[in-house]
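Could you slot chain B onto chain A? The hints should help.
Listed in order, the protein sequences are those of chains A and B.
Plus 60 on top of the position in the first sequence (first one is 1) and you've got the numbering used here.
Plus 60 on top of the position in the second sequence (first one is 1) and you've got the numbering used here.
Don't read these hints as lab results, they were simulated from the structure.
Don't be surprised by glycine CBs; every beta carbon is placed ideally from N, CA and C.
Some clues are possibly wrong.
[Unchecked claim] Quick list of the computed label-pair ranges, beta carbon to beta carbon:
| id | chain 1 | residue 1 | chain 2 | residue 2 | range |
| --- | --- | --- | --- | --- | --- |
| 1 | B | 132 | A | 427 | 56 to 64 Å |
| 2 | A | 376 | B | 421 | 31 to 39 Å |
| 3 | A | 427 | B | 259 | 25 to 33 Å |
There are 2 protein chains.
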Amino acid sequence: MKTVVAKFGGTSLADAGQFRKIQAIVKDDPSRRYIVASAPGKRFAEDVKVTDLLLRCYEEAASGGAFEESLSQVQGRFAEIIAELGLDFPLQEEIALLRAHLQDAPQRDYVISRGEYLNSRILAAFLGFTFVDPEWCVCFDGDGRLDAAMTRRTMGAALRPLKSAVIAGFYGADMNGQIRTLPRGGSDVTGSLAAAAVHADLYENWTDVSGLLAADPRIVASPKTVSCLSYRELRTLSYMGASVLHTDAVLPASNEGIPINIRNTNRPQDAGTLIVRRLPRGEARHAIVGVAGRVGMSVIQVEKVMVSDESGFAAVMLDILKNQQLPFEQCLTGIDTVTLVIRSDLLARCREDLFAEIREKLDPDYLGLTENLSMLAVIGDKGTETCDANVRVLQALAAAGVPISTINQGAGKLNLLVGVPEEKYEEAIRAVYAAIDDPADALAAD
Amino acid sequence: MKTVVAKFGGTSLADAGQFRKIQAIVKDDPSRRYIVASAPGKRFAEDVKVTDLLLRCYEEAASGGAFEESLSQVQGRFAEIIAELGLDFPLQEEIALLRAHLQDAPQRDYVISRGEYLNSRILAAFLGFTFVDPEWCVCFDGDGRLDAAMTRRTMGAALRPLKSAVIAGFYGADMNGQIRTLPRGGSDVTGSLAAAAVHADLYENWTDVSGLLAADPRIVASPKTVSCLSYRELRTLSYMGASVLHTDAVLPASNEGIPINIRNTNRPQDAGTLIVRRLPRGEARHAIVGVAGRVGMSVIQVEKVMVSDESGFAAVMLDILKNQQLPFEQCLTGIDTVTLVIRSDLLARCREDLFAEIREKLDPDYLGLTENLSMLAVIGDKGTETCDANVRVLQALAAAGVPISTINQGAGKLNLLVGVPEEKYEEAIRAVYAAIDDPADALAAD
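So here's chain A without its partners, still in its complex pose (with noise of 0.2 Å):
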């Protein structure tokens, strides 16, 4: 039988109702062993969740200010998740516990852990699950730092045994004992160590939308659902800016080429975004899955005739950065010229610094910015097999009267990106995603 790690984020477990959703999802694939629980987020727009709530909590406690008010909405949210769902649960216990804690030297990790600590065992309970605290589990060095390696075999010993679990997301405990708290990704992160650690042939991640979106919805109306795509193409996205999984959510999970499925708890009946190691040869996919872009950015030309004869030009302008502890987007080097993608705000902090110090040491022939640009990634490791695609991207944004400032395409299967006007950029988005929508691109795809 397969196994499934199945991670639940807040929207998801936000009252009865949607525990009763999970319930349903949970016994309709047996092989759902493992749930990864989040602590209860937002009913509707206004609501607030509970892990605000607990920060709330600490917050007036630390002070040495009343915390009861907050500690009460928390309490009032789990009971009435308790009370509609029937369940006996020792609920007044846990928030004497959490109470006692916060009049004496409250620490922040510990207090808003409890929202998940508190909904995994309430939904383990519901789904006559073994609870698993995450606090003998996933582990923290002496500094904070997860420790993948550690969590994954602790993780594997306290879960593989058991036939099913729900565990809490979002925190574990360092060795003294202490409660930490993931920094970026979550519960997220949380779920993909525990389908690494069992070795899960899936790990679905479920939320309050279908999938990722082939653009930005702001900006393109009702853009589409990405059915497939790559670990490096989620990556292109999330580096793009995209509100999608955090690189630490995909590593351990894709270190493993375990796929990870997007799911929506509301609307199970859609299959939602497969992210996976190598898109199927089969997969009738566009080759271009969509495009996400980035603004603030400038372009610092640098360029001097006959440098393509000396070797180190790039290898200095590189070294200089490290000196001004500027990072750079991208770095294309051509005949004597070398061009540097940099982020503008990071770029006003030492750019005149930058300048003297490049006009010291290579004395360039020309040395030019070019502000106000955005870059747009084409996501699509298919796009570089079947160039017409990328061809036929470049081309819609000149038929757009968008003009082109830098194209970075590498070898293989990689994103192409594409510099452009920063007054251009959603006209430039629009026009790159009516290019894949196009029928013939699907038509492209092997």
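Frame of chain A; chain B shown alone:
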């Protein structure tokens, strides 16, 4: 009045008939005050250049052999020119001096420079111009390297007082008065140095073709002549291996912003190719001026998830190349990847060591090598401004079924570099040429 420096190449000075063409050209425009002359070149395909005859004299003499037959061939070439032009020239005395030198520890550079020396003296006599010996004003340092700064001053001092002069190309002398020849570009460099020294308005380079061609005529049937291109475009052509003016022959003039005009001595009615610092705005020139390429390239792709979040990955990569003393042609960094274009012959020398060092120092997720690639340069500084043109080129490649491996277009007015498989190289050149030969492109230019 304008001042023009006109350099005439070997075929332009191969016989008396060619001397008469030069006379007509010089008389046609009195601003052609400073003439730089090569040694007599080939009169027909199987002919031997005088410089090669002189090299034979030197080699025969240096090895203690008989050189009289070779020397008499040299003498014969000049005697014929002098006789046909009806000049009074002390050829026998000059040959006697050369013979004496050859008999007693001959110096290679001195011997092979005598072709330019004698031809320039004969041309000066024929035109009624002053002869200027570069022994006096083209200055080399003790290591035999051209001293461009000193040459500029001494050439200016030698030429500017003269109304008109013929300067011998190809050689100069070091501070001990020993004759030294220019390693690359030869007389083209002398002409460029002279143009810079006299602040010429124009440097004419007279040869046996009516300018630069938009593509390699061995691949494209009857390519067009380029009317006007920038120094940078020329440099790209030169880098790509096209047989054009060497960079050393362009730099002295281009540093002064002096336009260079490539003309045909046999067809003075042709306007030739004008090489300028900045393309004139109103010029009805194609945005893309030509296409060139280099075969024998390999692409290394190094990928590591999240390198974009750390700095230094690309810098370490360039450091590794430096350790291996391996120059690279292009470096493209993208999200989590570095792509390097490297000459296959250079890579072959250190491939295993290089890959071992990359694995050791970078521990990449993926390390790929693509061989048998060629790099196309789409020559056109204006290509980026009017991005339609570059996009149309990519589209033409896609339409021709040429897979595109890498695309590199830096910001600003830069040439587009595209990697294609070597077996598609000629097809790709033809496809790009057809795209730029499109009348639509002429309309796209500003």
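Hint check results:
1. Between residue 132 of chain B and residue 427 of chain A, the C-beta spacing of about 58 Å keeps the proposed range 56 to 64 Å intact.
2. For residue 376 of chain A and residue 421 of chain B, the hinted distance range of 31 to 39 Å is not satisfied, since their beta carbons lie about 20 Å from each other.
3. Checked against the hint of 25 to 33 Å, the pair residue 427 of chain A and residue 259 of chain B passes, with Cβ atoms roughly 26 Å apart.
Taken one by one, the earlier hints fail for this structure only at number 2.
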